[in-house]
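Participant: What follows is the residue order along each chain.
There are 2 protein chains.
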Amino acid sequence: MRDVCVVGVGMSQWGEVWRKSLRQLFVDAALKAINNSGVDHLDSLYVGCMSSGLFVGQEHIGALMADYLGMQGLPALRVESACAGGGMAVRQAFIEVASGISDIVMAAGVEKMTDCSGDDATFALATAADQEYEVFHGATFPGLYAMMAHAHMHKYGTTREMLSAVSVKNHKNGAKNPVAQYPFEIKPEQVAKSVMIADPLHILDCSPITDGAAAVIVTTQEVAKKLAKPYIKVLGSGAGTDAMALAQRNDITTIKAATLAAERALKMASKTINDVQFAEVHDCFTIAEIVLLESMGLYEPGKAGPATLAGETALDGKFPVNSSGGLKSKGHPVGATGVAQIVEVYKQLTGRAENGRQISGSLKIGMAQNMGGSGASSVVHIMEVA
Amino acid sequence: MRDVCVVGVGMSQWGEVWRKSLRQLFVDAALKAINNSGVDHLDSLYVGCMSSGLFVGQEHIGALMADYLGMQGLPALRVESACAGGGMAVRQAFIEVASGISDIVMAAGVEKMTDCSGDDATFALATAADQEYEVFHGATFPGLYAMMAHAHMHKYGTTREMLSAVSVKNHKNGAKNPVAQYPFEIKPEQVAKSVMIADPLHILDCSPITDGAAAVIVTTQEVAKKLAKPYIKVLGSGAGTDAMALAQRNDITTIKAATLAAERALKMASKTINDVQFAEVHDCFTIAEIVLLESMGLYEPGKAGPATLAGETALDGKFPVNSSGGLKSKGHPVGATGVAQIVEVYKQLTGRAENGRQISGSLKIGMAQNMGGSGASSVVHIMEVA
Numbered sequence: 000m001r002d003v004c005v006v007g008v009g010m011s012q013w014g015e016v017w018r019k020s021l022r023q024l025f026v027d028a029a030l031k032a033i034n035n036s037g038v039d040h041l042d043s044l045y046v047g048c049m050s051s052g053l054f055v056g057q058e059h060i061g062a063l064m065a066d067y068l069g070m071q072g073l074p075a076l077r078v079e080s081a082c083a084g085g086g087m088a089v090r091q092a093f094i095e096v097a098s099g100i101s102d103i104v105m106a107a108g109v110e111k112m113t114d115c116s117g118d119d120a121t122f123a124l125a126t127a128a129d130q131e132y133e134v135f136h137g138a139t140f141p142g143l144y145a146m147m148a149h150a151h152m153h154k155y156g157t158t159r160e161m162l163s164a165v166s167v168k169n170h171k172n173g174a175k176n177p178v179a180q181y182p183f184e185i186k187p188e189q190v191a192k193s194v195m196i197a198d199p200l201h202i203l204d205c206s207p208i209t210d211g212a213a214a215v216i217v218t219t220q221e222v223a224k225k226l227a228k229p230y231i232k233v234l235g236s237g238a239g240t241d242a243m244a245l246a247q248r249n250d251i252t253t254i255k256a257a258t259l260a261a262e263r264a265l266k267m268a269s270k271t272i273n274d275v276q277f278a279e280v281h282d283c284f285t286i287a288e289i290v291l292l293e294s295m296g297l298y299e300p301g302k303a304g305p306a307t308l309a310g311e312t313a314l315d316g317k318f319p320v321n322s323s324g325g326l327k328s329k330g331h332p333v334g335a336t337g338v339a340q341i342v343e344v345y346k347q348l349t350g351r352a353e354n355g356r357q358i359s360g361s362l363k364i365g366m367a368q369n370m371g372g373s374g375a376s377s378v379v380h381i382m383e384v385a
Numbered sequence: 000m001r002d003v004c005v006v007g008v009g010m011s012q013w014g015e016v017w018r019k020s021l022r023q024l025f026v027d028a029a030l031k032a033i034n035n036s037g038v039d040h041l042d043s044l045y046v047g048c049m050s051s052g053l054f055v056g057q058e059h060i061g062a063l064m065a066d067y068l069g070m071q072g073l074p075a076l077r078v079e080s081a082c083a084g085g086g087m088a089v090r091q092a093f094i095e096v097a098s099g100i101s102d103i104v105m106a107a108g109v110e111k112m113t114d115c116s117g118d119d120a121t122f123a124l125a126t127a128a129d130q131e132y133e134v135f136h137g138a139t140f141p142g143l144y145a146m147m148a149h150a151h152m153h154k155y156g157t158t159r160e161m162l163s164a165v166s167v168k169n170h171k172n173g174a175k176n177p178v179a180q181y182p183f184e185i186k187p188e189q190v191a192k193s194v195m196i197a198d199p200l201h202i203l204d205c206s207p208i209t210d211g212a213a214a215v216i217v218t219t220q221e222v223a224k225k226l227a228k229p230y231i232k233v234l235g236s237g238a239g240t241d242a243m244a245l246a247q248r249n250d251i252t253t254i255k256a257a258t259l260a261a262e263r264a265l266k267m268a269s270k271t272i273n274d275v276q277f278a279e280v281h282d283c284f285t286i287a288e289i290v291l292l293e294s295m296g297l298y299e300p301g302k303a304g305p306a307t308l309a310g311e312t313a314l315d316g317k318f319p320v321n322s323s324g325g326l327k328s329k330g331h332p333v334g335a336t337g338v339a340q341i342v343e344v345y346k347q348l349t350g351r352a353e354n355g356r357q358i359s360g361s362l363k364i365g366m367a368q369n370m371g372g373s374g375a376s377s378v379v380h381i382m383e384v385a
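Chains as they are written, first to last, in numbering that gives the first Met the number 0: chain A, 0 to 385; chain B, 0 to 385.
I should point out that these hints are in silico values taken from the structure, not numbers from a laboratory. Note that this is a predicted model, so its numbers are computed, not measured. Be careful, since some hints might not be right.
List time: in silico SDA-like cross-link candidates among lysine to any residue, alpha-carbon distance up to 20 angstroms [to be verified]: (1) A:K255 <-> B:G69; (2) A:K19 <-> B:E131; (3) B:K186 <-> B:G316; (4) A:K266 <-> B:S98; (5) B:K192 <-> B:A145.
Just a few of them, taken from the derived set where beta-carbon distance is under 10 angstroms, the chain B residues facing chain A [claimed, not checked]: (6) M0; (7) R1; (8) A65; (9) Y67; (10) A75; (11) G84; (12) M87; (13) M146; (14) S236; (15) M243; (16) A244; (17) A246; (18) M267; (19) E353; (20) G371; (21) A375.
Beta carbons: idealized from backbone N, C-alpha and C, even for Gly.
So that you can see chain A by itself, here it is in the shape it has in the complex (with noise of 0.2 angstroms):
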């Protein structure tokens, strides 16, 4: 296996993006991420899209995304696993550099998700989900969510206060971020009073619907040398899954793909958790982001709440998280927030974030986490400043 880098990133506009189509938007990424780089071509092309059928009424992506960049001929395909096809394009680039069957390789993820109404993107989201077991009796993503919030609130004592802090957190962070669709702060108890989606979760608590697209060029560090332009290293990539249904898991207080996803990363970096200085994490809501830390032992179970509310996880506090402002405030348009993530951490890891949102200290050691449904898929990479 050869050594894998990421050289190059670029995000297009982020929010409720009506000017601009679903190939529009990806473009724009993609344009950025090659300029970025400074490559001359690519080898393939992977884009991250969930459901681009439902949304837009358009499949056959990774082909029709290579004919908008003008690069017809290049081998191109989409990746789907739902929230987390954005990471795991990122992943089949990491893969197909470490084979030596491509040099360069554009990991993209993209979504349009505001042309539809409401109703119908809650039932595009809804199909990450066990359709047979869950959808069809009712069940969409707040609730499933809301259900895994009230077990580990009873389980641990997790508080309103501690959710909250999650939302006011990422809010902060994404308020210095050009990109964030909302990039403005909040106050806890603006969360709390904020209208009730799913009892405990409010709307604040919730990530939004959000047109975007993400870019990434990989490959391999004798090419990023030669282009003499910043890049990191990715050191491992892990996936993993879990059964689609909760009620059909152990225990939901715990997401036991991203576990494994973040073992076996660590693993093939041979690094531990310990090493890794801070993340981006697939904060989908804020439970979300509370158990991930916990899943992935960041924090013991039950203390990644009281971690969040004493500020640990702040921008300046001992493990940044979310840096971005997390899909919470960046926006969370399903198949690209996996490759923001890491965007995010190449901007961390090479001194770029904006604004104000650079970590403090020097920074080695980056990871994101991005996952699909209610934690069915996840798929995790380990990042080396270079």
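Based on these hints, arrange chain B on the given structure of chain A.
Facilitator: The following block gives chain B in isolation, referenced to the frame of chain A:
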């Protein structure tokens, strides 16, 4: 890069399978491939599936299938390239095994197409074309391939009889395939007299709508030898794309994505097209088989139609094409088709084709060519007897 082999194959029932769901079809094929190969575990799973979101309201297919196979935890990913998703699943498994990251990977494909209405299925399939420049204006696949057929007939003198000969040949082969959806022979005059769908294509020029799944076990030669089961080597894998919309291609009498995919696969295999002795080719419409044989250099432009009429591509011809029955007779569950092509090449190269479908002579090299949409993506594999 490590050597890559296919060591076990499995297929579910193909057809209008009312009693089996998407997940059950997959499990049927997957368990056969596992039993057939003798592997005691998997390291990873790829599932090709075009549009389960539109067909049955279910995305997140990778994790779901790992779950229903009883392998929660397994890294699992869906790949999508319209009707080329199956071939792409095999390609990703090939890359992962070649890279050294995994030793035993399942590549599967599945589609459940008959659970929605005919109108809905037509819409779902149309999402493989360019939504903004083709589908919005009413184009569907029979219409797009009809344009290609007219152009080919005009340029090369391809005739109704040549198109019919493709269908007659593939039904003759499919009549010997126990999993074929339409395992019966037809006569040329039946094709010509069947219902017109989009001039010049009659319904017997078109592949059907099918429920079905297929799976293969991809591994290293070392593991394959230890398992002591029949196996074949995968010498080369190539993928290519082209403009999505027919109107944006220079020439619609050829499929450039297939040309590129075949060239790349042959280059990796260190073989020439003349080394290939038989092929599974993506005959979604009769005209497609003719165009593809020419696009990959198996016949000169304009010569594949006359060759088919002369019986050259028959089971006992000098270059047998679609010994399985092809998409036309075997059926076309879009995401599964590319994997089923590998199943057929495996059976032919290991001397296991059923019911007198075995190609005579000493077979060494076979090819499988899978295609998405009207040819915007294609993937080719070159396989060799072990």
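Participant: Work down the list of hints and note, for each, if the structure agrees.
Facilitator: The hints, checked one at a time:
A distance of roughly 15 angstroms separates the Cα atoms of K255 of chain A and G69 of chain B; the hinted pair therefore holds under the 20 angstroms criterion. Proposed proximity of K19 of chain A and E131 of chain B is supported: the alpha carbons are some 13 angstroms apart, at most 20 angstroms. The suggested pairing of K186 of chain B with G316 of chain B holds, with an alpha-carbon distance near 18 angstroms, which does not exceed 20 angstroms. Using a Cα cut-off of 20 angstroms, the hinted pair K266 of chain A and S98 of chain B holds, with the two alpha carbons roughly 17 angstroms apart.
Restraint check for K192 of chain B and A145 of chain B: the C-alpha separation of about 17 angstroms stays at or below 20 angstroms, so the hint holds. With 10 angstroms as the threshold, the beta carbon of M0 of chain B comes within range of chain A, its nearest partner Cβ sitting at about 5 angstroms, so the hint holds. Against a cut-off of 10 angstroms between C-beta atoms, the interface hint on R1 of chain B holds, since the closest Cβ of chain A lies about 9 angstroms away. Look at A65 of chain B: its Cβ gets to within about 5 angstroms of chain A, closer than 10 angstroms, so that hint holds up.
Taking 10 angstroms as the C-beta contact cut-off toward chain A, the hint placing Y67 of chain B at the interface holds, the least distance being around 8 angstroms. For A75 of chain B, the shortest C-beta to C-beta distance to chain A is roughly 5 angstroms, which falls under 10 angstroms, so the interface hint holds. Annotation: interface hint on G84 of chain B holds; nearest CB of chain A at approximately 9 angstroms, less than 10 angstroms. Because the smallest distance between the Cβ of M87 of chain B and any Cβ of chain A comes to about 5 angstroms, under 10 angstroms, the interface hint for this residue holds.
Restraint check, M146 of chain B versus chain A: the minimum CB separation of about 18 angstroms is more than 10 angstroms; hint violated. This hint holds: S236 of chain B has a C-beta 8 angstroms from the nearest C-beta of chain A, less than the 10 angstroms allowed. At a threshold of 10 angstroms, the smallest CB-CB gap from M243 of chain B to chain A is about 5 angstroms, leaving the interface hint in force. Hint status for A244 of chain B relative to chain A: holds, with the closest Cβ pair at about 8 angstroms, below 10 angstroms.
At about 12 angstroms, the closest approach between the beta carbon of A246 of chain B and any beta carbon in chain A exceeds 10 angstroms, and the interface hint on this residue is violated. Here the hint on M267 of chain B is kept, as its CB sits about 8 angstroms from the closest CB of chain A, short of 10 angstroms. With its C-beta approaching chain A no nearer than about 32 angstroms, E353 of chain B sits outside the 10 angstroms limit, and its interface hint is violated. Annotation: interface hint on G371 of chain B holds; nearest CB of chain A at approximately 6 angstroms, less than 10 angstroms.
The beta carbon of A375 of chain B comes within 4 angstroms of a beta carbon in chain A, closer than 10 angstroms, and the hint placing it at the interface holds.
Violated hints, listed in ascending order, are 13, 17, 19; each of the other numbered hints is respected by the structure.
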